[in-house]
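Participant: For reference, each letter of the sequence shown is one residue, going 1 to 271 in this note's numbering.
There's no promise every hint is true.
[Claimed, not checked] As a list, the in silico DSBU-like pairs of lysine-lysine whose alpha-carbon atoms are at most 30 Å apart: (1) K6 <-> K155; (2) K96 <-> K192; (3) K91 <-> K155; (4) K6 <-> K175; (5) K155 <-> K175.
Because the hints were derived from the structure by calculation, they are not lab data.
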Amino acid sequence: SGSGHKFGESICGTGWVVFRQREGLASHVATTVTYLGGSSDSLTLNFSRPASGPYVQFYKLLRLGQEGYMNKVENQMGVTSYLRHFLSNLKHPSGKPRFQILDGGDTCCLPVVAARLNPELNLHYDDIDLQHCLSESHWYVSGYSLGFENPMNDKFEKLCNDVNETTTMFRIVVKSNLTRNLAENLAGNIEKILSVLDDLDAGYESIHSRLAGLAVKDEEDISIQDLREFSDSIGELPSRGLNKSLKSQFIQQSFRKKKQKRSSILAQNIC
Numbered sequence: 001s002g003s004g005h006k007f008g009e010s011i012c013g014t015g016w017v018v019f020r021q022r023e024g025l026a027s028h029v030a031t032t033v034t035y036l037g038g039s040s041d042s043l044t045l046n047f048s049r050p051a052s053g054p055y056v057q058f059y060k061l062l063r064l065g066q067e068g069y070m071n072k073v074e075n076q077m078g079v080t081s082y083l084r085h086f087l088s089n090l091k092h093p094s095g096k097p098r099f100q101i102l103d104g105g106d107t108c109c110l111p112v113v114a115a116r117l118n119p120e121l122n123l124h125y126d127d128i129d130l131q132h133c134l135s136e137s138h139w140y141v142s143g144y145s146l147g148f149e150n151p152m153n154d155k156f157e158k159l160c161n162d163v164n165e166t167t168t169m170f171r172i173v174v175k176s177n178l179t180r181n182l183a184e185n186l187a188g189n190i191e192k193i194l195s196v197l198d199d200l201d202a203g204y205e206s207i208h209s210r211l212a213g214l215a216v217k218d219e220e221d222i223s224i225q226d227l228r229e230f231s232d233s234i235g236e237l238p239s240r241g242l243n244k245s246l247k248s249q250f251i252q253q254s255f256r257k258k259k260q261k262r263s264s265i266l267a268q269n270i271c
């Protein structure tokens, strides 16, 4: 599968799914219909979508052809390789690499660079902070949290076995309009921003680190003081001890507020 609007020169909302063999195509997607005296396969997804995406995509396929798309992709891969090697060769003042490359490299990957700040550096900022700082220079580099909210237990858990739930990463999607000159400008901005982030004092609070405090408190961790502060906000004080009804209200309201706050932060990182 691939993104038609990122790599196919079509409009947003266009995507491709290519099946190598018929066995990989689910029977409920491919149906055989009788049409004009013969039988024909109909591949239909069970929801409505605008037709503009396929129209534009088909025009571009005819307009550019195989040679045009090969030239386009080669240029994208060249720019991607430049950015990947720039990140790979960037060093921290300690001499260690600034970044850890997470993608498949120059030959086994889409024109996308996936990386994260080197965890060995124990920096006081992370990839989400880098994303926000780059946006000040009008560059949007998508940062992601490698944690997710488990709907089975409403806990924020790690997405991968070899990292914790607060781990972050970022990616740079190299479309055809990201030229080498623009890539060099992005590289220069990354280098400047890292220098600024390094110089921030110990009082700097990472934007993303706030996620660590968004988990709902376990029931046994709720103190009398927590309940009193909550009851003050609703004009009610517990008569004595841990009032079960009030405690339940506290947990539910705390969860709703923290879930909304977490969503507002994570929404900035989903693209």
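Participant: State for each hint whether it applies.
Facilitator: Checked hints:
no. : hint          : result
1   : K6 <-> K155   : violated, 33 Å
2   : K96 <-> K192  : holds, 18 Å
3   : K91 <-> K155  : violated, 36 Å
4   : K6 <-> K175   : holds, 6 Å
5   : K155 <-> K175 : violated, 36 Å
Figure legend: structure checked against the earlier numbered hints; hints not met, in rising order: 1, 3 and 5.
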